[in-house]
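K.L.:
Under UniProt numbering, the residue at position 464 of the sequence shown is numbered 464, and the numbers go up by one with no gaps.
I should point out that these hints are in silico values taken from the structure, not numbers from a laboratory. Model, not experiment: these values are computed from the prediction. Errors might be hidden in some of the hints.
Claimed, not checked - Using C-beta positions, here's what the derived DEER-type ranges look like:
1) Lys6 <-> Gln99: 13 to 23 Å
2) Ala569 <-> His67: 12 to 22 Å
3) Asp325 <-> Asn62: 52 to 62 Å
4) Leu495 <-> His67: 21 to 31 Å
5) Gly392 <-> His67: 15 to 25 Å
6) Lys600 <-> Arg401: 14 to 24 Å
7) Gly595 <-> Glu313: 51 to 61 Å
8) His67 <-> Asp339: 42 to 52 Å
9) Asp258 <-> Asp339: 47 to 57 Å
10) Pro168 <-> Glu398: 30 to 40 Å
11) Thr56 <-> Gly392: 47 to 57 Å
12) Ala7 <-> Glu496: 27 to 37 Å
13) Asp325 <-> Ala7: 22 to 32 Å
14) Ala39 <-> Asp325: 33 to 43 Å
Stated by the list, open to error - The calculated lysine to any residue pairs, modelled on SDA-like cross-linking and capped at a C-alpha distance of 20 Å, are:
15) Lys498 <-> Phe399
16) Lys600 <-> Asp318
17) Lys54 <-> Arg111
18) Lys114 <-> Phe399
19) Lys320 <-> Ser366
20) Lys180 <-> Lys129
21) Lys129 <-> Pro41
From the three backbone atoms N, C-alpha and C, an ideal C-beta is built for every residue, glycine too.
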Amino acid sequence: MPLRYKALNPNTDEIRLLRRLPSRDNILHFSLETFSLRAAPPFWAFSYVWGDPKKTSRIVVNNHNFHATENLVAALTTHVHDILELRADLPHHSHFQAQHLWADAVCINQRDEKERAHQVSRMRDIYQKGIVCIYLNTSDRDAYKSVHDALQRLSETSAGDSTPRISPDMRYELLQFFSKDWFHRMWMIQEFVLAESKPLFFFLGGHKGITERDLRDAAWAVFQKSSDLLPVEEEFSLLSGVKQYMCLAEVKDRIKDDRECSFLTLLWTFRDRLASDPRDKVYSLLGLLRSKLEDDQGRPSSVVACDRGLAFEELIVDYKATVEDVYASVVKSAIIGMDSLNVLCACQRPGRFERSWVPDWTEPWSRFSLLTNSIGLVPDGWRKNSFTSSAGQKPVVEFSRDMQSITVEGVLSSKVSVLGDQPANCANSRWIEDWFTNVEQKLKIQISLRYEVNLQNVSDPFIQSVVATNTEEDGIIYSDVLAAEYSLPFTGASLEWKEMVRFYREDTLSKEEAEMFIIDIRIAQMLNGRRVFIGENGYCGIVPDHTHKGDLICVLFGCDVPVVLRQEAEHFTFIGECYALGLMYGEAIEAVRQGSIGSKQFVIF
1 MPLRYKALNP NTDEIRLLRR LPSRDNILHF SLETFSLRAA PPFWAFSYVW
51 GDPKKTSRIV VNNHNFHATE NLVAALTTHV HDILELRADL PHHSHFQAQH
101 LWADAVCINQ RDEKERAHQV SRMRDIYQKG IVCIYLNTSD RDAYKSVHDA
151 LQRLSETSAG DSTPRISPDM RYELLQFFSK DWFHRMWMIQ EFVLAESKPL
201 FFFLGGHKGI TERDLRDAAW AVFQKSSDLL PVEEEFSLLS GVKQYMCLAE
251 VKDRIKDDRE CSFLTLLWTF RDRLASDPRD KVYSLLGLLR SKLEDDQGRP
301 SSVVACDRGL AFEELIVDYK ATVEDVYASV VKSAIIGMDS LNVLCACQRP
351 GRFERSWVPD WTEPWSRFSL LTNSIGLVPD GWRKNSFTSS AGQKPVVEFS
401 RDMQSITVEG VLSSKVSVLG DQPANCANSR WIEDWFTNVE QKLKIQISLR
451 YEVNLQNVSD PFIQSVVATN TEEDGIIYSD VLAAEYSLPF TGASLEWKEM
501 VRFYREDTLS KEEAEMFIID IRIAQMLNGR RVFIGENGYC GIVPDHTHKG
551 DLICVLFGCD VPVVLRQEAE HFTFIGECYA LGLMYGEAIE AVRQGSIGSK
601 QFVIF
């Protein structure tokens, strides 16, 4: 007979916990008990990847059969062995005496959508109160012993401030480790970040765990020096996996220290992560909100929460709602909570949604965002290099009653008249000169007049546009700091580009060579998924690759970069963010304030 759940009281802080029972067979037996979270006994909070829902094994819960995924059963099976080892090593550590555990697949009635939605808001408290244990399952125990030893050696080397020595075998083992699904799933973010005050262990498939601190040291050691020990594709896969972990560590530090880390920053940073239910791309992050969504007795709070730039009362938290409606509510919540339209720029390309202004968070980044410095997970000092197209002008915005359209105000600055072809391989700047030879003389004159440069030097502002420099001073500022520091590839990056980046990371270039390399790398990144444009009045820059001639370059109040809109009869379609030289630092807003141009409303569907 399948397990039957007794409903939890939504007006209290009730949760369910598992307790292991002795058994005479090889099947795991548990009791499932209900507790007030505040009065619950010490318990382990499991963090694991569910795995294939079609591949299950039987466990027994309250004398009823329960078919759990193979990943969960493996974690439960090895849990006893792992804890016995920890108890032997740390006999006086009270945490490891806990007899209860919490695993979402069993402790939440997954068939009850109301309970699922309610328990989502309780995740923060569960993972803060529990002892978080992360299980990275594998059937190859020997392989994970090797990974454990490699991580341990790297952490010790890093802590000793000596140059890490990484053998080819060790680097391959690390690739296998950081390629595990756990490092690429959404729910693992809050499960990791909220483990604040207790030790956090990564359990390696039945082998003794490694601490979070040791894993951080090991990850940093991987980045200290470039390596040619792996083929370039595998090397970048390793760096990508380590980057996912280091972003987790950075977010954890920021939230723990109560530093700036908006909800939009979390969505921006972890957009490439995966979730089985698309709504969980949003719901999995709600536990990171600082505001308490319940009162001290665990009842839903009547106080409206606006936390980390999210107006919570506008957000739809309902597994019965459509994905597009949930994502539309994210836009409204972020615009109200942050007093900014920047969230619109997460729209990358036409997708499955009817509303062009609703980003599809299930789609990974197809190109680097120009708003990385404004929104992304970057060092605080880099914020000063952000674009400021709207010059602090607050958004003027209205949502239609049926949430099908959004009306915004801004400036129509230009219309696209020429579009350049994106080169097959833009890992060097030679193509710019070739492209310019085909630009009509009239347009070259317009550009030279707008930017006050000689006709012979007209390519200077154009190259600046392609590089999308985000500083008013001379020189190139690398907009995507994570890509600069971690040397990560963009979607569709060529093998040649990756080889060039690896050569750059080896730090054997002269200053002049390094400057040329970084410009070439930057051009290749910024032109991925973009095309060069020239406006009818001489503006030039880069726009999304699905831009058409006749599309409009606009500066919207409350948006830090210009955007491309397409007029469709009486309304507009949102195409995406763009770089337009001469519109990046409030020039259009200043013209409005001086009365030389006016603003207008745009109704976007």
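K.L.:
Output the numbers, in ascending order, of every earlier hint that fails for this structure.
P.N.:
Hints 2, 3, 4, 5, 7, 9, 10, 12, 15, 16, 18, 19 and 20 are the ones this structure does not satisfy, whereas the remaining hints hold.
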